[in-house]
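Between the sequences and the hints, there should be enough to build the whole structure, so can you do that?
Chain by chain, the residues run as shown.
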Amino acid sequence: MRSRFVTLLAVLLLTLAACGGAVSVTPSPSVTASPFPAALTDFQNRSVTVPARPERLVSIGPSITAFLFALGAGPRVVGVDDFSDEPAEAATREHVGGIKVNFEKVVALKPDLVFSVKFSDGTIEKLQAASLNVLVVDPQSVFDVAKTATLLGKAVGADGEALAQSIQQRVDAVKTKTATVATRPRVYHEIDASDPAKIFTVGPGSYINDLIDIAGGVNIAARAASAYPQLSAEEILRSDPEIIVLAADAYSAKPADVAARQGWSVIAAVKNGRIFSIEPNLINRPGPRVGEAAEAYAKLVHPELFR
Amino acid sequence: MRTLGVLAFLAVALVVSAAAGILIGAVAIGPGDVLAALFGSNDVSGTIIRELRLPRVLGAALVGGSLATAGALLQGLLRNPLADPFVTGTSAGATLAAVAAIVLGLAAPLVPLAAFAGALVTVTLVWRLARLGGGTTVLTVLLAGVVLTSFAGAVVTFLLVSSDRLALQLRAVLGWLQGGVSVISWPELGVAAIVVALGLIFALVLAHRVDAYAFGEETAATLGVDPDRTTTAVLGATALLSGAAVALAGLVGFVGLVIPHALRFVIGATHRRLVPASFLAGAAALVLADLGARTVIAPAELPIGAITGLIGAPFFLALLVRSRRIVV
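Protein chains in written order, with our numbering: chain A, 1248 to 1554; chain B, 409 to 736.
Treat the hints with care, since some could be wrong.
Here are some chain B residues the structure puts well away from chain A; computed CB gaps all over 12 Å [unchecked claim]:
no., residue
1, R410
2, V423
3, L537
4, V569
5, I592
6, F673
7, G720
Sample of chain B residues facing chain A (criterion: CB under 8 Å; computed from the structure) [claimed, not checked]:
no., residue
8, P439
9, I456
10, G583
11, L585
Simulated from the structure, these hints should not be mistaken for laboratory data. Ideal placement from N, C-alpha and C gives every residue a C-beta, glycine not left out.
Below is the structure:
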């Protein structure tokens, strides 16, 4: 599995290099003007200037960390949030807090650039008040992933375009596969039903909604009013999903629990045993593995395409 | 005669609210289809009606009825207008047991059982504490209930803060604390119905003894009522009623406090009338509150406690202002 992935990636990169050579003249490093100072616009439309190649990076956000390592900037990452565990090496960096950021730790690491997801509690402002240069990066959709790769590439002086393109190609490969399917099964993706009165799923504008679409399925909540809408059990029964997807973590419901819910036995997915669990990091983090995520989802929705 | 009229009105109100509860829901189903569903049609509408709506409506009726009945008995026994079904510590004991069950990762069907056991254990403790000085006095029942409630509340807070596993189950615990009758299975409903029926029979039999308490324990004793045995019996009946309610629906506030008071304005404070009237009115009120909870912001659901508080509090205040006194 892993070796197949590596092979596929290598093929993609080679194809990419070949294409690049054919259509444009790749400038050699010696003649390239230094990309710094770089004037960037972040995910909150703030203008951020990175004066010189940053050497000490702090990343607050697991998907940002994954991008930095994928861009080859891993050795320059000195601090990460408590949830950053991809790649495994990232977890060895200094931890600077999770839901609450430990400002003292961030300052003590003397970073010349801090990347952070959006916060609504004033964390970004506090980091700035501590004279830190902060770039807000918060990918929420498959579209955002390529944008993130490009932005982070510019910020750290790496080839973000190439990463963005390789990610996009892998996503496109899945799209091409599912484009011709005869039927698009109805999919119910459960985020949380630990309180049975309040069942949360994914709606338009969410990363997982994009994945369902790319995988060749139809989200039963595709026309909901928000990205993470609440559904009643009555509506789920009425929508009759053909596939039910859960996160494979300790806190989510198990397929057997879902099948045993009161009244759910009439649902097609339950009748046909098509209730699946999927690796949580893959679907919760819009990161460089988005292609892998789309493929994993497509294998659940259209297994016949991957035989 | 007037009492019979009120009881008949409440019974009709219960039937009407139950019908509304079954007819209206997140998914629109026509009245014809609802009838077909009740008599066993096998499509999705049938499942929605039979497996989701009907048990929910019946569950709400049982919970509301038991809470109001337990509230009426305890307000009479303790001669305290602020008494509610949870004053003897049932809510706190049930919550502690339910949260502990969630922390230990017990299977979902075991959580209501744990809650019921927790409620019974707490009432027994309260009763034992109240008997320490020999006889059972209602004042010690009240005090022991308050103290045990605080203690169990503290343990729950400790569990909530210290358990990492729970941090991610927080919504399950929150749902419990807010109360709700969203998903009740038929076996659960059957067991609860038996417990509530027992509690209700006890309550009806004991009602006239509670009336003797209106002028205090000593007066009750001179009227030929054994205060010790009566207190024990009433505590037992309310434990069954509120334990079943808490196990089915978590913490649903206000019904047990407001319904008996509201009825006292209408039919007086005699418990022989108050007990059956409270059951019917509590049942109808909670069925309507649940209907509101699932339709007001549909497709999302409000916690039922928000509805009972939101409507119950102004309603109660209006009654209070009109009568300028609380009859107990």
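How the hints compare with the structure:
The beta carbon of R410/B sits about 39 Å from the closest Cβ of chain A, which is more than 12 Å, so the claim that it is off the interface holds. Under the 12 Å C-beta cut-off, the non-interface status given to V423/B relative to chain A holds; the minimum distance is some 23 Å. Non-interface status of L537/B relative to chain A is upheld: no Cβ of that chain comes within 12 Å, the nearest being about 34 Å off. Every beta carbon of chain A lies more than 12 Å from that of V569/B, the smallest distance being close to 15 Å; the non-interface claim holds.
With a least CB separation of 8 Å from chain A, I592/B falls inside the 12 Å interface cut-off, contrary to its annotation. Against the 12 Å criterion, F673/B stays outside the reach of chain A, whose nearest CB is about 33 Å from its own CB. Non-interface status of G720/B relative to chain A is upheld: no Cβ of that chain comes within 12 Å, the nearest being about 19 Å off. Look at P439/B: its Cβ only gets to about 16 Å from chain A, farther than 8 Å, so that hint breaks.
Hint status for I456/B: holds, given a least beta-carbon distance of 5 Å to chain A, under 8 Å. Interface hint at G583/B: satisfied, since its Cβ lies 3 Å from the closest Cβ of chain A, which is below the 8 Å cut-off. Because the smallest distance between the Cβ of L585/B and any Cβ of chain A comes to about 10 Å, over 8 Å, the interface hint for this residue is violated.
In summary, the numbered hints that this structure violates are 5, 8 and 11.
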